[in-house]
Amino acid sequence: MSSTTAGSISDSHAGGHAQSGGTVGEFFSTYVFSLDHKIIGLQFLFSTLLWFLVGGLLALGIRWQLAWPWTSVPVLGSTGMFATEGGQMSPEFYTTLFTMHATVMIFFVIIPILAGAFGNYLIPLMIGADDMAFPTLNMLSYWFMWPAFALIGSSFFFPPYGAGAGWTSYPPLSALAEAAPGSDHAQTLWLLGVTFVGVSSMMGSVNYLTTIIQMRAPGMSMFRLPMTIWGMFITAILQAFALPVLTAAGFMQLTDRVIGTGFFLPEFAFANNGLPASGGGQPLLWQHLFWFYSHPAVYIMILPAMGMVSDIISCFSRKPLFGYKPMVYSISGIAGLGFIVWGHHMFVSGMNPMLGMTFMVSTMMIALPSAVKVFNWLGTIWGGQIQFTTPMLFSLSFVSMFIIGGLSGIFMAATPVDIFIHDTYFIVAHFHYVLFAGTAMAVMGAIYFWFPKMFGRMMNETLGKIHFFLTFVFMNGTFFLMHILGAVGFPRRLADPYHYDTFAHLRPMNEFITICAIGMVATQIIFAANFIYSIFNGPTVGRNPWKANSLEWMAPSPPGHGNFDFQPVIYRGPYEYGSPEVDTDYYPQTQPPPGQKSDGDSGDASGKGH
Amino acid sequence: MRAIATTSAILGMVLCVGCGAPIAEFQQNHVYILKQKNELDGAFTPQQRKDLANVMEALFGTPDNPHIPQTGVDTSSLFEQNKLLMAAGPYGSYEDGRPRGLYREHCVHCHGVTGDGKGPTAQFLNPYPRDYRLGKFKFKSTPSATPPTHEDLRLILYNGIPDTAMPSFKLIPGDELEALIQYVRYLSIRGTVERELIFVMAEYGEEERLFDETIGAEQAEEVTDVVNAVLEDWIAAEGASLEIPPAPKGEKADMIAKGKALFYGDIAGCVKCHGDSALGDGQKTDYDDWAKDYFDPKKPDDRYQYIALGALEPQNIIPRNLRAGVYRGGRRPIDLYRRIANGITGTPMPKAPASLSPDDIWHLVHYVRSLPRETTSNPYQHVPANNRERH
Amino acid sequence: MGRFWSLLFLLVPVIGVGIFVVCAAEIGIEDHWLPENVNEHGRVIDDLFMFILYLTGIIFIATGIALFWFLWKYDAAKNVEPVKYVHGSHTLEVVWSIVPAATLLFIAIYQMNAWADAKMRRPTLPGSDELLPPLVEVTARQFEWRLRYAGVDQVMGTDDDVFGVNDLHIPVDEDIVIAIKSKDVLHSFFLPNLRIKQDIVPGMKQHVWFKSNKKGVYDIVCAELCGWGHYKMKGRLTISSRDDFNIWLQEQYENQEVSEFEPEGSE
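Protein chains in written order, with our numbering: chain D, 254 to 863; chain W, 376 to 766; chain R, 61 to 327.
Please note that the accuracy of each hint is not assured.
[To be verified] Only pairs whose alpha carbons sit at most 16 Å apart, straight line, appear in this in silico EDC-like list of lysine to aspartate or glutamate:
| # | chain 1 | residue 1 | chain 2 | residue 2 |
| --- | --- | --- | --- | --- |
| 1 | W | Lys627 | R | Glu197 |
| 2 | R | Lys144 | D | Glu834 |
| 3 | W | Lys635 | W | Asp538 |
| 4 | W | Lys624 | R | Glu317 |
| 5 | W | Lys624 | R | Glu320 |
| 6 | W | Lys627 | R | Asp219 |
| 7 | R | Lys243 | W | Asp734 |
| 8 | R | Lys265 | D | Glu520 |
| 9 | R | Lys243 | D | Glu431 |
| 10 | R | Lys144 | D | Asp838 |
| 11 | R | Lys243 | D | Glu520 |
| 12 | W | Lys545 | D | Asp754 |
| 13 | W | Lys627 | R | Glu317 |
| 14 | R | Lys241 | D | Glu520 |
| 15 | W | Lys545 | R | Glu320 |
| 16 | R | Lys144 | D | Asp836 |
Read the hints as simulated data drawn from the structure, not as lab findings.
As the structure is a prediction and not an experimental result, all values here were calculated from the model.
This is chain D alone, in the form it adopts within the complex:
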């Protein structure tokens, strides 16, 4: 069903679902093992949103302990998990909480929702293709997530309820089974799970690269692609080059644990009176290999969001994106530089301090393209006609919050300062600002924005604005004060930091943060309710409710198999809002210039001024 010529004419299906004969087999092949990129994208979306809930609850467990240490944990305490001790959690459970919170959020939420959900859904639509280059590989990339879900999910069900060596899994703690409760079976499950996620991502990245390079509609040159696609494209390159290193490292740690190799274990390494390993390796090697992937990973976790934000801001400013080519070069610069900064996670790790100098320089430089992007977003808003829709609010907040996250990164890049703030809450504040206040909120905005395309209905605007406001307020209440905690030196990953005289007085601040965090998670109920309700009962809309320019808005809402009911031909870039060539304030990519007849059939009435 996939065609080899770009943008072939498809059957016209107004609705999003194929007409099935109603048999069980057809149900499975249409909705479960579908080869259609849109269904696969939605499968990723639903799975990741469910894991988002899990990850959020794990975070609340952490926050509970920090606000009210050694008190009965709600739900978990009363369901018998720690009932004998009066419901208070055990210290190893705390290590499991922060390990699994990060693991779930990074590997099961942010990475798959950006590439798997939005990448899958939007790439063929935005470039004018009828599906991905390799639909079967695409389907496999989704189903390869399920073994990961099962493996890591299963570790939640027996003590110690998950891996406990941090999502960073530094050996020897993670490699010696006796060193930590979670380093026995749970860590093996973790390694296997992450490997499956890696394979799924690599399959995806191959698909996206091939599709974007090979299957663009006529006239869609690389520099007429929306920034969303550039974000996905560069991210796919990052995935392809960085993931194999993590997979290899994970395999090496697995063999260290299971068959006695000594890649990461020093000679005669032992812990907790266990049998010494023969070892002969170097724990720092894991850190190098891990961060060689995980630093590009953090850019994987933000570049697509940056792309989507560019599209949304331009659309709701009714104005072209400011500095399109500099934006493309910046995204590429961030990705390229992103490969040579991994050592900034390791400044105090014991690696040669000379490397500290080199990584400091490259890390400082990577702030530059990010700054350029922020200036260009501001330039896009300047002089526009700003519509404060829900997607726009989330995207504006991305810019505002990314400024905070990016600027706090400069403190860490300064190696002497990092001596003090490494492994403190300053770091936690930084990455939550870029990952949650940044990417996650951009993703929420993107859901509101592309929801009409996906489901043919709009989400409720009022609830959306309430959701935005409460999330914005609670999120800043949760994470901004962590900068202050970090300045005091408040360390990460401590189940009870109040033992220390230096930190004993910080419990009230932590209590405030926890209350905001509870508010923030509770607010997402509004989002979930709005989302679910609107899928079934939201007001129906046509192809282009936002009056946007890019190609996906020319397809039906939702698009059928093959996506377009006409042959898209591209005449311009995606940001021609407010163009003097037409009377309307937007100018879709497929609309022929005035005085030229369109090529190919078009059944679409919107945006055609002539």
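Given chain D's structure and the hints, the job is docking chains W and R onto it.
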């Protein structure tokens, strides 16, 4: 609007879940009951178990509200109620600012609410945390069958036990340390009393009861006899520390040589367990008393019934590697003297045979202390280039 | 509504800066900022932190106000001017690439000396090139800091070594070198009040060094996840005069060598 109604409903449900915190409770010593059932054919009917629980609560209170049995013995040398209250209860503080729940802040996750060494973390440790209920402690100044003194317990808490997961609590304020010491004593006495009562009940037929409703639990003579015996043991322990004469004077090398001869000799028999090379590899298949309480090495499969009741998988007790320079019970000469002279309660380390004089024991102490300094104990360690000293 | 949202975004730089000012200047709240620094070499870290704070603060305020202003002025509900149909400005791109690049490069190079001092230049014996030997060896293990002082003869591994746990004493006003080791997994030796942090890798030989200029009692914190007891690895650093330190060390040694015992109340 329907969406708002659904939202509120979900929010309401979420907020209602998890109200109602569980109250910590002492766990009855099911393992020991089952053992007496198996070995002595004890009946242990549900009524008898209930009686035991009621008696224990009447005598000792609950984890949130502990108290000392009022059975006629003056326990003021062992306990102060306000200190017990500092250690007991949930973590927090009282209105007057005194801390509360020190045991739950520092100890419960390993040693368990009941002091049974079966907190959630316990199963992951090697060696396991101490089960206080046997009333036996390894590192003390008193002879084998005698409980530890206050100073013994204080030293363990103050120094921790190197090489194990027991940390040092020297940095907590003195009154908090005192509260914990007394609370450990409390749990140990409580656990011992419970074991003794179970032992007594093992002889009962199905109809016999620990006490009659017409009289209070504390009045039941059998019960008070047991309690008073345990309390008096602990009170008497304060004066029962071994006297240690000063070490003999002489050439260091001389004394070490004499100690070595004794070490390898037949009277002391050290190498049987500690090995010809003193690396602790003479034998590694024995178990400590806390494991042997429910585990018979000759019938290993019998252990599953106890593990089902919460007992931990038995761990071998390994003789100390004397070349490592790690001394779990303290490294002072008097500490080592005590280990040799008294043995280590609960372990296969026996007390020194009567034919060894104090001077002999001192010679052994000097030899043991010299072992980590020998060249054999410090083999050349190849340092790979990537682990070289940076600066 | 556009006015409301613009003001909401304005609150970000206002409240953000406000919180930092309140905490740094201790207006109505104390001890919510960098803890006291008692290491002579730590001063440069604090200075750098503040320099970066001012720099990023200026950028934060400027971009925050720009964002607010553009949202306020160009709100479609209130703005009647046509959209400015521009695709960018080459000049602006050059300016706002070069200026940040130069600033960042300046910061990077400016602090290399401080880094080298902290991590590469171990103090030497006065008047010679020989590296200062460690006063004490701190061995981190799950979950405590085991200490071994070289003792009076300043040689590690001899009979006068003093052993301890968690209770580190250091003389004031002297260059001190501490050897750090790990017995099992990664730990990190963090002295907040000395601005010292060094991950301890099992199998490696590592040192930290400092010169403290004030007596007092401070925390030792483990700053690398080392297992369930990571939070329990509290140590105490006591900085005292050299004389008091010597007295303390002697006391510890004597306690360590106690060789007789009389039970209390013995007959």
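Do the hints match the structure? See the list:
1. Among the hinted pairs, W/Lys627 with R/Glu197 is inconsistent with the structure: their alpha-carbon atoms are about 27 Å apart, more than 16 Å.
2. Restraint check for R/Lys144 and D/Glu834: the C-alpha separation of about 14 Å stays at or below 16 Å, so the hint holds.
3. Annotation: proposed proximity of W/Lys635 to W/Asp538 is violated, straight-line Cα distance about 25 Å (limit 16 Å).
4. With a C-alpha separation of about 15 Å, the suggested pair W/Lys624 and R/Glu317 falls inside the 16 Å cut-off, and the hint holds.
5. Under the criterion of a C-alpha separation no larger than 16 Å, the hint pairing W/Lys624 with R/Glu320 is consistent with the structure, at around 13 Å.
6. Of the pairs offered as hints, the one joining W/Lys627 and R/Asp219 holds, with about 12 Å between alpha carbons and a cut-off of 16 Å not exceeded.
7. Between R/Lys243 and W/Asp734 the alpha-carbon distance is near 36 Å, which puts this suggested pair outside the 16 Å criterion.
8. A distance of roughly 14 Å separates the Cα atoms of R/Lys265 and D/Glu520; the hinted pair therefore holds under the 16 Å criterion.
9. With a CA separation close to 14 Å, the supplied pair R/Lys243 and D/Glu431 stays within the 16 Å bound.
10. This hinted pair checks out: R/Lys144 and D/Asp838 have alpha carbons roughly 12 Å apart, not beyond 16 Å.
11. As the CA atoms of R/Lys243 and D/Glu520 are separated by approximately 11 Å, the hinted pair is consistent with the 16 Å bound.
12. For the hint pairing W/Lys545 with D/Asp754, the CA-to-CA distance comes to about 15 Å; that is within 16 Å, so the pair holds.
13. Proposed proximity of W/Lys627 and R/Glu317 is supported: the alpha carbons are some 14 Å apart, at most 16 Å.
14. With a C-alpha separation of about 14 Å, the suggested pairing of R/Lys241 with D/Glu520 holds against the 16 Å cut-off.
15. For the hint linking W/Lys545 to R/Glu320, the alpha-carbon distance of about 23 Å lies beyond 16 Å, and the restraint is violated.
16. Distance hint between R/Lys144 and D/Asp836 is fulfilled; the C-alpha atoms sit about 15 Å from each other, no more than 16 Å.
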